[in-house]
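Construct the entire structure; sequences and hints are all you get.
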Amino acid sequence: MPVDAAEYSAALRQYAAGVVLLTVRDDIDDVGTTVTSLMSVSADPPLIALGLAAEGYPAEVLQSIGSCVVNVLGADQAILASRFASAGRPSARHLLESVPWHRAPVSDAIVLDGAPAALDCTVHSVVEAGSHALVLLQVEGVPVLGDGDPLVRLRGRWTDGAGQPLRRP
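Every letter in the sequence shown is one number past the one before it in UniProt numbering, and letter 4, counting from 1, is 4.
I should point out that these hints are in silico values taken from the structure, not numbers from a laboratory. Among the hints, erroneous ones may be present.
[Claimed, not checked] Cβ pair distances, simulated, as ranges: (1) V126 to R103: 17 to 27 Å; (2) D147 to S40: 11 to 21 Å; (3) A6 to S42: 31 to 41 Å; (4) P105 to P2: 42 to 52 Å; (5) H102 to D4: 41 to 51 Å; (6) D27 to G141: 13 to 23 Å.
As the structure is a computational prediction, the values presented were derived from the model and not from experiment. From the three backbone atoms N, C-alpha and C, an ideal C-beta is built for every residue, glycine too.
See below:
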């Protein structure tokens with residue numbers, strides 16, 4: 001019996017997920033997108049995996065360029081998560097106009113100075129998975145390692161690390 005799409009979506013909304021900002025330095029521009037499907041795969045070698053819409057521009061650019069930064073977002077960065085989750089968004093540099101950032105040493109992608117953590121990565125492999133691509137990334141460096149509460153997505157809302165909904169500033 002096929003799984004009902006609405007039930008499937010409702011079930012997965014019960015699972016809290018960390019929120020990251022994936023950035024890629026393209027020859028033309030900087031590309032960024034909000035991602036909630038990230039997982040640690042291996043410590044030796046250091047590998048992480050994330051899911052991207054297979055037909056989306058971020059997946060296309062990442063596979064073409066072969067490197068990126070995964071910025072772990074903090075609870076105080078929900079506005080950034082929303083900006084980069086919107087369809088038809090402009091260049092990553094325009095969305096980060098008042099946000100301090102620098103370039104990663106390996107990927108040359110955008111690293112958020114205020115992120116709890118950032119991982120400079122190269123593409124290890126890509127697996128087609130239905131409507132998405134599962135991208136395995138080798139971590140080449142950790143250009144930011146801070147602290148603070150993480151941004152979490154739960155039941156369709158941004159929350160803090162304790163699961164409390166975030167209020168607008």
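Evaluation of the provided hints:
| no. | hint | verdict |
| --- | --- | --- |
| 1 | V126 to R103: 17 to 27 Å | holds, 24 Å |
| 2 | D147 to S40: 11 to 21 Å | holds, 18 Å |
| 3 | A6 to S42: 31 to 41 Å | holds, 35 Å |
| 4 | P105 to P2: 42 to 52 Å | holds, 47 Å |
| 5 | H102 to D4: 41 to 51 Å | holds, 46 Å |
| 6 | D27 to G141: 13 to 23 Å | holds, 22 Å |
Hint violations for this structure: none, all hints satisfied.
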